[in-house]
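Protein chains in written order, with my numbering: chain A, 1 to 214; chain B, 215 to 714.
Please keep in mind that the hints were generated in silico from the structure rather than gathered at the bench.
A couple of the hints might just be wrong.
As the list claims (entries may be wrong) - Covered stretches of chain A, as calculated for chain B (at least 3 residues, CB under 8 Å):
| hint | segment |
| --- | --- |
| 1 | 48–55 |
| 2 | 72–83 |
| 3 | 86–92 |
| 4 | 100–113 |
To be verified - Going by beta-carbon spacing under 8 Å, a handful of chain A positions derived as facing chain B:
| hint | residue |
| --- | --- |
| 5 | P95 |
| 6 | H96 |
| 7 | R131 |
| 8 | S149 |
Just so it is clear, CB atoms sit at the ideal spot from N, CA and C, and this is done for glycine as well.
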Amino acid sequence: MSADTNFRLGLDLEIPFTGGGLRVELNTASTRIAVVGPSGAGKSTILRILAGVERRARGTVLVKEHCWQDSSNETWVPSWDRRVGWAPQETLLFPHLTVRENLSYGGALPDWVSETAALLQIEDLLGRRPRRLSGGERQRVALGRALLSKPRLLLLDEPFSALDRPLRAELSQLVSDWALDRSVPIVLVSHDEEDAKWLAEERWHLGGGSLRKE
Amino acid sequence: MALLAPMQLKGAVLSEGPPRAQQANDSVLLVLAAASLADVLPRIGDEWERLGGTPLVFSFDATSRLAVQASQSGSGDVFFSADPQWIQWLEEQGTVSPGSAIHFAANDLVIAVSRDISVPVQPDMLSGFERIALAGENVPAGKYARTALEQAGVWSELEGHIVRGGSVRGALEWIARNEVPAGIVYRTDAEAEPSVRIAFVFEGPGYPQAQYWGVPLGSTVYEKSAVDFVNFVLGESGQPFLREAGFSAPQSDILDEEEERYAAGDTGDDLVASVSSAVRLSLIVAFLATLVGLVPAIGIGWLLARRDFPGKTVLSTVVTAPLVIPPVVTGFLLLSVLGAATPLGGLIASLGFPIPFTILGASIAAFVVGLPLYVISVRGAFEAVDPMYEELSWTLGSSPWSTFFRVSLPLALPGIAAGAVLAFARSLGEFGATVVLAGNVEGSTRTIALAVYTLLESPSGREAVWVLVGASVVISLIALLGFEALSRRQKRRLDDRHVR
Chain A
1 MSADTNFRLG LDLEIPFTGG GLRVELNTAS TRIAVVGPSG AGKSTILRIL
51 AGVERRARGT VLVKEHCWQD SSNETWVPSW DRRVGWAPQE TLLFPHLTVR
101 ENLSYGGALP DWVSETAALL QIEDLLGRRP RRLSGGERQR VALGRALLSK
151 PRLLLLDEPF SALDRPLRAE LSQLVSDWAL DRSVPIVLVS HDEEDAKWLA
201 EERWHLGGGS LRKE
Chain B
215 MALLAPMQLK GAVLSEGPPR AQQANDSVLL VLAAASLADV LPRIGDEWER
265 LGGTPLVFSF DATSRLAVQA SQSGSGDVFF SADPQWIQWL EEQGTVSPGS
315 AIHFAANDLV IAVSRDISVP VQPDMLSGFE RIALAGENVP AGKYARTALE
365 QAGVWSELEG HIVRGGSVRG ALEWIARNEV PAGIVYRTDA EAEPSVRIAF
415 VFEGPGYPQA QYWGVPLGST VYEKSAVDFV NFVLGESGQP FLREAGFSAP
465 QSDILDEEEE RYAAGDTGDD LVASVSSAVR LSLIVAFLAT LVGLVPAIGI
515 GWLLARRDFP GKTVLSTVVT APLVIPPVVT GFLLLSVLGA ATPLGGLIAS
565 LGFPIPFTIL GASIAAFVVG LPLYVISVRG AFEAVDPMYE ELSWTLGSSP
615 WSTFFRVSLP LALPGIAAGA VLAFARSLGE FGATVVLAGN VEGSTRTIAL
665 AVYTLLESPS GREAVWVLVG ASVVISLIAL LGFEALSRRQ KRRLDDRHVR
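Based on the sequences and whatever the hints tell you, model everything.
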């Protein structure tokens, strides 16, 4: 199933600042990874570490043949060089930009923006400001922005939580196909088993201070 | 008025009979006296108290300001004036009884120069100095100085060189600090200041002398003590102290025509021109201060909002200090760093940008005093922006620098504009630091605040004061309304979730 046979994700991290402290050891060749667990367990933190916006963790982050972090020799690849498509749980859209400007923020060409917007059924919203969007619309714009950033890795944080069930199924399928076509691995975190079911090939459970493969 | 006269009130309450006849044991005389008497009068006062006189407290300032205060507050017991004009004015106001004033001393005007200048200086050589310090034009020392220079026939060629300190002491301070090479001050002040040298004394017919008069104020409840103290200063107890300090004996033949000549003062010249000049200058200075402050305020505000670094507390404290340090102190510190006689100020001046007594100096003073509000507003604006917007931008391939211009700055923009408006408003009101660093020079540093202060020294300046007060209030209120509107807009801009 995996289109990228060379993919590897390796995490070996001490995360003392979240919850009661967290030890994360993950090593996989899967390109569809779901991390599930109760809220507050540190799921979002793992994505923030992968996105390169959280620097307090100690340890190593290996993605494919690249080392993004190695605390032992102070290796650190900054966010802007990692090319991850991060859709955080808060679905923050830049409030001073229109939907179109949000989508093309990562440098996507207009045609591609229109195409993706049509795919996500948000083409009618392109001229709007974020404050005039519903929760579900916001979530699709945030997802679109992540897809349009030419990511090497998609980081999805509860990506469908604000969508109703039929749309959720449709979009899950869509993202799944999209990622498959382009060989983009996905790391998804969710407290919802359903989300994980649609996308994941491999599920990890986060709880009690550690990460376990299910 | 009662609030301004605590001592009289106390005396009146404690005394049993009519206050004028009473002399309560804990009574104190409030003596309002010309600034040039600040050294000698307390010494005479000590002698008076040693001999059992009523205890004294002194308030020293320019005669002109004290006269207006005495007349308007209805408080004080004795008034010592450096100018008979103001005694006459107080008589007209009914503040003192006609004929009750006593002429007790005179003081020569001198050309004081920095100790570094060892060559003799005559009045006709003054035009060779770039700047000449005088006291304010409505302050007696300033008026006498002008009369002396007119009498010497050099006033017209010096007009562009004159810088005005608030009082004669202010002018002397500039000479002592070498910011100004020469000035016209009282002989007594020059003698008391070791860092200056008396280069020339305006002596002889036609030259004015400051004439000192003492008078009990109508508001006093200790009339006998007040009269006694004035006579004490005039009499054989007080005169040796005055002589020792450099005052001369009172002269009876005051030149009436000289008095008349400067009676009109400078304020009568052209009120409209001076008012519009002050308003224009205020706007220019505030605008320059706001413009110059923009980049530092954004830079420092962002650093304080987003970065942790060693010395952050120090930076924050230094930048916001002018908010709580008295502006006069700020001005003094700036003069110590940026004055033409200092290494840094000298360097800047040698590049063609002298700071003291220039619009540049006024703008720097306004900038420094306005910066705290600027930085605090900008910092607040950046702190209100969720850092996750910036993190998102990084993951979308924008470097921190690019992110700053694409996300942080646009989102904080209304808050930054609000800070600029606040700094502008604060700069408009700046007085203390400006008067010390940049002086009170009409047309280049006399802003609204300084113009009001100057006009308050002159009874004829009242209408102009109200025009300036009105302008000041209107501009400030407009600025604050702008601040409110921009602050609301900042909040709206960050609100990306519409309540549905």
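Hint check results:
1. 48–55: holds (count 4)
2. 72–83: holds (count 5)
3. 86–92: Answer holds; 4 residues pass the 8 Å Cβ test.
4. 100–113: holds (count 3)
5. P95: holds, 3 Å
6. H96: holds, 5 Å
7. R131: holds, 4 Å
8. S149: Since chain B brings a Cβ to about 5 Å from S149/A, closer than 8 Å, the hint holds.
Checked against the numbered hints above, the structure violates none of them.
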